[in-house]
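In order, the protein sequence lines correspond to chains S and L. Heads up: the first sequence begins at 1 in the numbering used here, then just goes up one per residue. Heads up: the second sequence begins at 1001 in the numbering used here, then just goes up one per residue.
It is possible that part of the hints are untrue.
[Unchecked claim] Just the calculated beta-carbon pair ranges, DEER-fashion: (1) S/MET27 x L/ILE1023: 46 to 54 Å; (2) L/GLY1069 x S/ASP122: 43 to 51 Å; (3) S/ASN126 x L/GLN1124: 46 to 54 Å; (4) L/GLN1124 x S/MET6: 45 to 53 Å; (5) L/ASP1070 x S/ASN109: 24 to 32 Å; (6) L/THR1107 x S/LYS105: 20 to 28 Å; (7) L/THR1107 x S/MET6: 23 to 31 Å; (8) S/GLY120 x L/LYS1021: 48 to 56 Å; (9) S/GLU157 x L/GLN1124: 49 to 57 Å; (10) S/GLY50 x L/PRO1108: 28 to 36 Å; (11) S/VAL123 x L/ASN1043: 37 to 45 Å.
Calculated directly from the structure, the hints in this document are not laboratory data. Keep in mind the model is a prediction, meaning the values are calculated, not measured. All residues carry an ideal CB built from backbone N, CA and C; glycine is no exception.
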Amino acid sequence: MDVKYMNPFIIATQVVFKTMLGIDVKMGRPELKKTRQTNGDVTGIMGLAGDQRGTLCISFRKEGALHIYNTLMGDGCNEINEDVIDAIGELTNIISGQARKEFEKSNINLKAAIPMVVVGKDVEMNFITTLPIVSLPFYFSVNGGNEEVMYLDFSFEA
Amino acid sequence: MKVLVVDDFATMRKIIKNVLKQIDIESVTEAENGKQALEILKNEKFDLIISDWIMPEMTGIEFLKACKGDENIKKIPFIMVTAEAQKSSVIEAIKSGADNYIVKPFTPEKLKEAIEKAKVKVMQGFGG
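Use the sequences and the hints to build the structure in full.
Right, dumping it as structure tokens:
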């Protein structure tokens, strides 16, 4: 996978986490995803179209999703509910927007669809391309110093 | 000051409402998309509209164009708050009549600044 496809998602994730949540994320080693299933318990999915067609997913474990929601809203929610699902959908939307801004710098213009959110681990996802899916892990600390991870998976057409 | 907040995500509507509350604006009505917002605007008067872009039923840009094409509501300041960060999107919104354009993610200060500017406009008598 050309690095020009990876960098916009890395920059977007770092900017969005820092600006909206005050969280510094640490990126792990990119990998090719071996399955088409969700990594975490709450996953935002968005189709991309325009100069290229692709799919973007961001996935959190329950603890990570709750931490994101509670940090964003100043809440103390401890179960995945409609509000948490909504927040992860909006986060997907915002990361996509920032990434598309970065893609524009490489003359790749992308439009996004309305994101959908899937709840459940190992749920089959419908990536609209048949190319390998790249998975970028982003680590962040949650209450008590535990480390959580957000997986950002993406794939484009050739 | 009465504000209409239009966004399909409840999370973002809550975030915007919290920012409005911080600057003593408590009179806020919510809509989930442009179509719903236009219905509300038929019956209520507002001093400011804050709208997302990508929404089901009617997008923010369609909603903006509808507002600017309506004699009764075209003078209401319109702030677009959206994840659409591309230059082409900003240009399209401004050309369509948006008074301000804020890209998500935003800091509360950024939104407050835009609202304060809109408030001045309202107080000067340009509101609807």
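Status of the hints after comparison with the structure:
Remark: the range hint 46 to 54 Å for S/MET27 to L/ILE1023 is contradicted by a beta-carbon distance near 36 Å. In this structure the hint that L/GLY1069 and S/ASP122 lie 43 to 51 Å apart at CB holds, the actual value being about 49 Å. For S/ASN126 and L/GLN1124, the Cβ-Cβ distance of about 52 Å falls inside the hinted range of 46 to 54 Å, so the restraint holds. Against the hinted window of 45 to 53 Å, the Cβ-Cβ separation of L/GLN1124 and S/MET6 comes to about 48 Å, which satisfies the hint.
Checked against the hint of 24 to 32 Å, the C-beta distance between L/ASP1070 and S/ASN109 comes to roughly 31 Å, which is consistent with it. Distance hint for L/THR1107 and S/LYS105: a CB-CB separation of about 23 Å, consistent with the stated range 20 to 28 Å. Range check, L/THR1107 to S/MET6: about 27 Å between beta-carbon atoms, so the 23 to 31 Å window is met. Distance hint check for S/GLY120 and L/LYS1021: the Cβ-Cβ separation is about 35 Å, which falls outside the suggested range of 48 to 56 Å.
Evaluation of the 49 to 57 Å hint for S/GLU157 and L/GLN1124 yields a pass: the beta carbon distance comes to about 51 Å. In this structure the hint that S/GLY50 and L/PRO1108 lie 28 to 36 Å apart at CB holds, the actual value being about 32 Å. Here the CB-CB span from S/VAL123 to L/ASN1043 is close to 42 Å, well matched to the stated 37 to 45 Å.
Of the numbered hints stated above, those contradicted by the structure are hints 1, 8, listed in ascending order.
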